[in-house]
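S.K.: Spelled out from the first residue to the last, the chains are:
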Amino acid sequence: MMAVPRYWREIPARYNLIGKRCKICGNIYFPPRSICPVCRRKSVGQMEDYKLKGTGVVESYTVIHVPPPHFEGEEPYIMALIKLDEGTYVTGQIVECDEKEVHIGMRVRATFRKIMEDGEKGAIYYGYKFVKEE
Amino acid sequence: MKHFYTSFYFHFDNMVAIVGYGAYVPRYRIKVEEIARMWGDDATSISRGLGINEKSVPAIDEDTATIAVEAARRAVKSAGIDAGEIGAIYVGSESHPYAVKPTATIVAEAIGATPYLTAADYEFACKAGTAGMQNCIALVKAGMIKYGMAIGADVAQAAPGDALEYTAAAGGAAYIIGKDGIATINETASFTTDTPDFWRREGQPYPGHGERFTGEPAYYRHITNAARLLMEKMGTKPSDYDYAIFHQPNGKFPRRVAKMLGFNDEQIKPGLLCPIIGNTYSGSAMLGLAATLDVAKAGDHIIMVSFGSGAGSDAFDITVTNAIESYPRQNIRKMIEKKEYVDYGLYMKYRGEI
Ligand SMILES: [Zn+2]
Chain A
1 MMAVPRYWRE
11 IPARYNLIGK
21 RCKICGNIYF
31 PPRSICPVCR
41 RKSVGQMEDY
51 KLKGTGVVES
61 YTVIHVPPPH
71 FEGEEPYIMA
81 LIKLDEGTYV
91 TGQIVECDEK
101 EVHIGMRVRA
111 TFRKIMEDGE
121 KGAIYYGYKF
131 VKEE
Chain B
135 MKHFYTSFYF
145 HFDNMVAIVG
155 YGAYVPRYRI
165 KVEEIARMWG
175 DDATSISRGL
185 GINEKSVPAI
195 DEDTATIAVE
205 AARRAVKSAG
215 IDAGEIGAIY
225 VGSESHPYAV
235 KPTATIVAEA
245 IGATPYLTAA
255 DYEFACKAGT
265 AGMQNCIALV
275 KAGMIKYGMA
285 IGADVAQAAP
295 GDALEYTAAA
305 GGAAYIIGKD
315 GIATINETAS
325 FTTDTPDFWR
335 REGQPYPGHG
345 ERFTGEPAYY
355 RHITNAARLL
365 MEKMGTKPSD
375 YDYAIFHQPN
385 GKFPRRVAKM
395 LGFNDEQIKP
405 GLLCPIIGNT
415 YSGSAMLGLA
425 ATLDVAKAGD
435 HIIMVSFGSG
445 AGSDAFDITV
455 TNAIESYPRQ
465 NIRKMIEKKE
475 YVDYGLYMKY
485 RGEI
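Quick mapping for you: the protein sequence lines, in order, are chains A and B.
Residues in the first sequence are numbered consecutively from 1, following the working numbering.
Residues in the second sequence are numbered consecutively from 135, following the working numbering.
Keep in mind the hints are simulated off the structure, nothing from the lab.
Values in this document were obtained by computation on a predicted structure and should not be read as measured data.
Be aware that one or more of the hints could be misleading.
To be verified - Looking from chain A toward chain B, a few residues come up when the C-beta cut is under 8 Å (computed):
hint	residue
1	Gly-73
2	Thr-91
3	Val-95
4	Glu-96
5	Arg-113
To be verified - A few chain A positions that, by computed beta-carbon distances, are all more than 12 Å from chain B:
hint	residue
6	Pro-37
7	Phe-71
8	Ile-104
9	Arg-107
Backbone N, C-alpha and C fix where the C-beta goes; we use that ideal spot for every residue, glycine too.
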């Protein structure tokens, strides 16, 4: 389960894949970082918001058959490491894709889905998942 | 001459138009045969009686908010506007994910329209989205906002075994309203009464309905009155329109109401999506308009009339402009063709019933 304040802070990243770009070296970070690990102290105050396009390719994937709590009912589902076109990596679920169909190098794009519900009474968390690019 | 200029500028200042639109229908479908098989009903007679072959089914992780966001993002992208200039967002639905906590704020954040805007959720059975359109029209005309967005989206619920189960579907459409765009909205008219044809009490998962009562005193009465009032205001007759869209609770009602009013099958054809996706409730008429705009040409004259149980209808008189030619149209029918069938068991799972 996720705390509501943490979810709220992460909304820009979760809804719109907004990461950070270091103005000094140009590296893009997702999830967002407040300091560039390359430029270190020089990057303080030099990290700007950067919206990723949400398109990329599957680098590796795994099929989840025994899901963690709050994700029951969705199994089997595909979790993948995706290399976005901007060069940065993101982990996400691939939906509307058969496990026989998913493959390394498959083009995907981000979509907006329900990530989980905090039970019947709690908050509903939304964010990005990926679908095949058609 | 002075009078001419005054009225010209008055008219120009009050121009309001559809700047962009976007639609979303989930990928999954269930056939009427599959539902009929489950309940031992005669699929052929149900399919013929309702004028529907299959309906859309939302995935397990889709709801009204995700459908609204997908439609809204497509609208913003096609319109090519800066979402930060949207001053109002209204989401009409009868299946908002929260009882308290707006869907509109989720959409606003997801399209990057926050924080300088007003937003609210609307409820009026299947016509809450068109009520949102009217509000956006008024705000644009008043000069209070540059752009407004109105969305109609639903993941319709029906009790297993209820007749509504054959039609209750999922989908939505979003419209950006502004001063000028791809289609001018010339006029709107509404007809509203207190009619208990269909309802859902707070906390109840499924709606109740007045069975046969839903036809004559509800659907037909409100749509025909709103349409006639609009045509009276405009000085138009059915043959003046290239296309017509009426709310689609099934495939039969819109055909019949069109005939009652004097419209023919050709006029309603492009917008009649119910036979292939079911009744998308708040999305219904607005998706029909979107599919019609997909094929319309500059100068085409369109009438759209929504219906919401409870009951009311909003009618719109629309003229397509030259801007449609360069607008990147989505092709909703092509999106609908990309589908995957589910059986009744998977359908129940996606609906969160098992
Ligand atoms: Zn750096």
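S.K.: In terms of Cβ atoms, is chain B entirely out of 12 Å range of Phe-71 of chain A?
M.R.: 10 Å, violated
S.K.: Does Thr-91 of chain A meet its interface restraint, that is, does its C-beta lie within less than 8 Å of any C-beta in chain B?
M.R.: 16 Å, violated
S.K.: Identify whether the interface hint at Arg-113 of chain A stands, where standing means a beta carbon of chain B within less than 8 Å of its own.
M.R.: 4 Å, holds
S.K.: Just want to verify: Pro-37 of chain A was marked as not at the interface with chain B; is every Cβ pair farther apart than 12 Å?
M.R.: Non-interface label on Pro-37 of chain A holds, nearest chain B Cβ at 28 Å vs cutoff 12 Å.
S.K.: So, Glu-96 of chain A near chain B? Judge it on the closest CB pair being under 8 Å.
M.R.: The hint holds - Glu-96 of chain A has a Cβ within 8 Å of chain B, the shortest such distance being about 6 Å.
S.K.: Far enough from chain B: is every CB of that chain over 12 Å from the CB of Arg-107 of chain A?
M.R.: 16 Å, holds
S.K.: Answer holds if the nearest beta-carbon of chain B is closer than 8 Å to that of Val-95 of chain A; otherwise answer violated.
M.R.: With a closest approach of 6 Å, the Val-95 of chain A hint holds.
S.K.: Hey, does Ile-104 of chain A actually stay past 12 Å from chain B on C-beta?
M.R.: 23 Å, holds
S.K.: Do the numbers back the hint for Gly-73 of chain A, that is, is its least Cβ distance to chain B under 8 Å?
M.R.: It holds, given that the least Cβ distance between Gly-73 of chain A and chain B is near 6 Å, below 8 Å.
Going down the numbered hints, you'll see the structure goes against 2, 7, while the others check out.
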